[in-house]
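Line by line, the protein sequences are chains A and B. Yeah, the first sequence ends on 127 if you go by our numbering, and it's all consecutive. Yeah, the second sequence ends on 531 if you go by our numbering, and it's all consecutive.
To be clear, the hints were calculated from the coordinates, so they are not data collected in a lab. The reader is advised that the hints may include incorrect statements.
Claimed, not checked - Below, in silico cross-link-like pairs of lysine to any residue (SDA-like), each with a Cα-Cα straight-line distance of 25 Å or less:
(1) B:459 - A:45
(2) B:435 - B:489
(3) B:459 - A:43
Claimed, not checked - Listed next, the stretches of chain A that the computed footprint assigns to chain B, with coverage defined by at least 3 CB atoms under 8 Å from CB atoms of chain B:
(4) 20-26
(5) 48-56
Here the structure is a predicted model, which is why all the values come from computation and not from measurement. Quick reminder that beta carbons are idealized off the backbone N, C-alpha and C, glycines included.
Spelled out, the chains give:
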Amino acid sequence: MSHASPLSAKRILVVEDEYFIARDLERALRAADAIVVGPVATLEQGLTLAETQAIDAAVLDVNLEGERAFEIADRLSARDVPWTFLTGYDEWALPAPYRSASIVAKPFQVDRVIRAIGALIPDKGRA
Amino acid sequence: MTELASLQGQTTLSAPPNGLVPHDAHVLAGINRILQEALRASTEEELGRLCLEVAEDLTGAAFSFFGERRDSHDRLDHIAISERGWAAYTGNDPDYSRRLLPDGMKIHGIFGQVILQDRSMIVNDPASHPDRIGTPEGHPTLRNFLGVPLRRDGQTFAMFALGNHPTGFTERERAIAEELAPAIVQALLRKRAEVASRASQRRLLTLIEGIPQLVWTATRDGQWTWASPQWVEMTGLSVEQSMGHGWLAAVHPNDREAARRFWADASERGDLAMEGQLRDARTGRYRWFKTRATPVRDDHGTIVEWFGTSTDIDTLRRLRERQETLVAELQHRVRNILTIVRSIFTRTVENGGPIDEIADHFRGRLDSLARTQVVATQTRSGRVDLENLIRDELLGVGAIEDDRLSIEGPDVFLPADTAESVGLAIHELTTNALKYGALRHPTGRLHIAWHVEHISNSKCELIVKWDETGVPAMPVPPVRQGFGTELIREALPYGLGARTRLDFRGGGVLCVITLPWADEHVEAPNRSIEE
Chain A
1 MSHASPLSAK RILVVEDEYF IARDLERALR AADAIVVGPV ATLEQGLTLA
51 ETQAIDAAVL DVNLEGERAF EIADRLSARD VPWTFLTGYD EWALPAPYRS
101 ASIVAKPFQV DRVIRAIGAL IPDKGRA
Chain B
1 MTELASLQGQ TTLSAPPNGL VPHDAHVLAG INRILQEALR ASTEEELGRL
51 CLEVAEDLTG AAFSFFGERR DSHDRLDHIA ISERGWAAYT GNDPDYSRRL
101 LPDGMKIHGI FGQVILQDRS MIVNDPASHP DRIGTPEGHP TLRNFLGVPL
151 RRDGQTFAMF ALGNHPTGFT ERERAIAEEL APAIVQALLR KRAEVASRAS
201 QRRLLTLIEG IPQLVWTATR DGQWTWASPQ WVEMTGLSVE QSMGHGWLAA
251 VHPNDREAAR RFWADASERG DLAMEGQLRD ARTGRYRWFK TRATPVRDDH
301 GTIVEWFGTS TDIDTLRRLR ERQETLVAEL QHRVRNILTI VRSIFTRTVE
351 NGGPIDEIAD HFRGRLDSLA RTQVVATQTR SGRVDLENLI RDELLGVGAI
401 EDDRLSIEGP DVFLPADTAE SVGLAIHELT TNALKYGALR HPTGRLHIAW
451 HVEHISNSKC ELIVKWDETG VPAMPVPPVR QGFGTELIRE ALPYGLGART
501 RLDFRGGGVL CVITLPWADE HVEAPNRSIE E
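Construct all of the structure, not just a fragment, from the sequences and the given hints.
What follows is the structure, given as structure tokens:
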């Protein structure tokens, strides 16, 4: 049993419109040996990456400059890529289909996000 | 009743026949007429006059009255005086001339005995009767009298009295009058029930038409049987158009399926409620209504029909939605700003230095964020005047506008999140200028200017320029590796899609921030967020 991080060598998409939050996430993911795809700040950029990049899991800020990240979540789900929402909204403020999704509430500590992503990624394939 | 009615065609109400014949055809015709008229008469008095006319016709009396004992039992109120009775009056009492019925007569005299003794009475010599009390002024002289009690549930509650038969009353007239009595009671009570029910219906209808709700009735499968005027006014559908399933035409197409399901559940559930949109024909807009239906059951508990109301909840719903949006936005903003503060704190600490200096830096950045937040939440639009943002920042460090400091540009209102980042950038530049740049050196000049540039028909850019001159060369530009540099060179491009330039050149800092810009931000400072 090695001490390798569960995120080791995993490609994690980060979509977050706040620069400092995005950088914090990026840093924490790198520290967990993950490969960061992004970070990007807009819905459009997020959609492009979600469709074109190899991705193991994603962290999505719900509110992207006033736009909602649900479309990115849907695209990822269609590709069987798990994701977690970062949001300052309560669950009730999310549309019904997303209320039971994986959610990390803002303000958050980065290790909570790392744990939430770890929980999304299946163990199989790692020795 | 039907048998009696058929008699009417065969008989005439001419002179009463001779001889005492119970159930005489004339009497039956009279009874029939009384019961028929009970349906037609609009008031109790009108019915009473008709009863008296029949009685006068059948008995040959010259006048008559019909009275009812009050609940207090000691007084008699008039229900009616016959036409002939009114005509026979010769006095000057204006009340009688206006046919105002005398009420509250003391129960005494000859007529009083009918009630007190609870039996019919013939008095053919009233002048010498021991109970005689005389007649009111203007009353025709009473030559003879026939009074008959009227009973309800075996109790005498009223009476009618006939006067002045040409030759005096006999047992025959008494028999006729007694036979009429039950019909008169029945007709009176029926009229009373009808008037009361009409009044209660009118009250109910007034109530129904007076409330703001749309009211309707339907059968168990949602076939409408009636709709209130409010429904007609709101939807523009006539009552006829709304009958059956016609009302569905006013329901929003998206809600029609739910409306049908609503009725599919009707047989199982006690009452129903749903929210849906109805088209307001007056504006052509759909409005939200809360519709409830309550079953009306018969004596066996079987549902016979549904009584429904639709209440306008459109304004309520919009307010609720708006409130939810505002609360969600507030949550989002508060939580987001806390996350940003945490990030700024981490970076400030990471950049190192003595604890006092770290505290100063952090406080300054926090103050800058706070100022922007305050301004953004003070305006309804949530937008921030760029000029004020810059002035507040410079004013906060004691800089004054003179020939060494100029601030100029058109009125530009930044969205809150843009203002937050731009405000922080201005703060970093100001702090730097104060410590090492134009705001520290007497020879330094600072020129801050901005303008909006049209790139193509739909695209604009807001260009903000921070230009320091006259600053003696510094050995090491201190801001280069710090928070401020990262903010301007990386955070603004990342979050706002800005292009930025930050030069530490001889003579001071040059910073140019170019933001993508929607033209409308220039003109309308106070657009409310619900628009």
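Hints that the structure is at odds with (numbers, increasing):
5
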